[in-house]
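If you want the building blocks of each chain, they are given just below.
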Amino acid sequence: MSKANLLDRRQVVSTLLANRKDVVAIGGLGASTNDMCAVGDHARNFYLWGGMGGAAMIGLGLALAQPKLPVLVITGDGEMLMGLGSLATIGLQKPSNLSIAVLDNEAYGETGGQTSHTSAAADLVGVARACGIKDSQSISTMAEVEAFAKAVHDVSAGPRFANVKIDSASQERILPTRDGTYILNRIRGDLGFQPI
Amino acid sequence: MHARADAAETVPNWPDDIFATLQRFDVRQVPYVPDAGHSKLIQRVLDSSTMRGIPLTTEEEGVALLAGAWAGGQRGVLLMQSSGVGNCINMLSLIPILRFPFLTLVTMRGEWGEFNPWQVPMGSTTQGVFELSGVQVLRASSAAEVPAVLEAAASQAYNALTPTAVLLSQRLIGAKVFTK
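For the record, the sequence lines run as chains A and B.
When the letters of the first sequence are read in order and numbered with this note's numbering, they come out as residues 1 to 196.
When the letters of the second sequence are read in order and numbered with this note's numbering, they come out as residues 1 to 180.
Hints were generated in silico from the structure; no laboratory data involved.
Don't take every hint at face value.
[Claimed, not checked] A partial selection of chain A residues facing chain B, derived with a Cβ cut-off under 7 Å: (1) M57; (2) I58; (3) G61; (4) A65; (5) Q66; (6) L81; (7) T181; (8) G189; (9) F193; (10) P195.
[Claimed, not checked] Derived coverage of chain B by chain A (criterion: at least 3 residues anywhere in the stretch with Cβ under 8 Å from a Cβ of chain A; other residues may be distant): (11) 59-73; (12) 85-94; (13) 130-143.
For glycine and all other residues, C-beta sits at the position ideal for the given N, C-alpha and C.
Okay, chain A solo, but in the shape it has when bound (with noise of 0.2 Å):
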């Protein structure tokens, strides 16, 4: 069940993808990555099935490849929690080309709905900003989502990071492609980069 006030996903992805220009999306494994695909498919859309806890360093890998390029990532808190210490690595390397919007349901919604850390304790963007991300916030409005969605554009004063408290309901699952060199290539394609 949703709470009141709180953001609904696909219109949170819809807005940060919606002006996207050249902006490579990487979607967490979970809702995250199926919000990317249901918003509308993108042949720099990297969707991840797995590997949990890997988007962000995905994300970061990217953006030191591609340093003009704007890279955004998207996942939700459960997977973000998974890989708690990358931010400690993106806030070390401070690639000012790379934004992180976590959608935070504070919940496992994929599994059952356990509830995660950061419906009780753990506090995300104090743990990015505690990292060096200096640019971290906690997301509440879409008015902010629209503002987050803009400065992913900016490629010299990131690395940003942003919690954005999104309702818990379900959506209708649309599902991404599950190929995942066809998602790779047809990103490296679309960058330009031939087959090996």
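Put chain B on the given structure of chain A with help from the hints.
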């Protein structure tokens, strides 16, 4: 105070051979969890203008990082100690699924005169863990064989997309000993 027996008396040159090979293969991102056996190579990487050394909090971060690097057109190599291999297991599943070039250089503990029993369980299963995870294992046991092993490993990892781990044996690095 601690010192290294066997190969430890002089600064080894084999890390320079590894560095030269990585440079020749245009390796750009070098994620690592520090290990004494990798210290010279890590320093070479950090001093390099073409490679970026990226300290990790845990080794599995490096596997995911290399997937992202390849999506963005860069090659990388993961440096770690044998105990870190266990930390990577689930993330290794990205390699066959995404099919990106994967090369890791692993300094071995838990073998060849190891004094610390706590290193032995993971050191003993390092090769098995890799092989069960679809990563081919090559080994260098002496400084003389490092260049050829690295050349083969880098070639098959980057040219043939064969996931490859090079185990740098404790005999090569020198068994770590602690003395009072």
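task = Verify the interface restraint on G189 of chain A: the C-beta must sit less than 7 Å from at least one C-beta of chain B.
result = At about 11 Å, which exceeds the 7 Å cut-off, the nearest Cβ of chain B leaves the hint on G189 of chain A violated.
key: Stated coverage of the region 59-73 of chain B by chain A [criterion: 3+ residues, CB within 8 Å]   = holds (count 14)
ask   = Was the hint right that L81 of chain A lines chain B, CB cutoff 7 Å?
value = 14 Å, violated
task = Mind taking a look at whether chain A covers the region 85-94 of chain B? Criterion is 3 or more residues with CB to CB distance under 8 Å.
result = Coverage by chain A holds for the region 85-94 of chain B (4 residues, Cβ < 8 Å).
inquiry  = Restraint: G61 of chain A near chain B, CB-CB cut 7 Å. Satisfied or not?
reply    = With Cβ-Cβ at 3 Å, under 7 Å, it holds.
message = So, as I understand it, the hint says I58 of chain A touches chain B; can you test that by seeing if any CB pair is closer than 7 Å?
response = 4 Å, holds
query = How does the coverage statement for the region 130-143 of chain B fare against chain A, requiring three or more residues with Cβ below 8 Å from a Cβ of that chain?
reply = Per the Cβ count (0), the hint is violated.
Restraint satisfaction for M57 of chain A [CB to CB of chain B, less than 7 Å] = 4 Å, holds
Interface restraint verdict for T181 of chain A against chain B (beta-carbon cut-off 7 Å) = At 5 Å from the nearest chain B Cβ, T181 of chain A passes the 7 Å test, so the hint holds.
A65 of chain A as an interface hint toward chain B, with CB separation required under 7 Å = 3 Å, holds
ask   = Is the hint on F193 of chain A kept, meaning its closest Cβ partner in chain B is under 7 Å away?
value = At 5 Å from the nearest chain B Cβ, F193 of chain A passes the 7 Å test, so the hint holds.
request  = Could you check if Q66 of chain A really has its C-beta closer than 7 Å to a C-beta on chain B?
outcome  = Cβ of Q66 of chain A sits 4 Å from chain B, so the hint holds.
Hint compliance for this structure: hints 6, 8, 10 and 13 are not met, and every other hint is.
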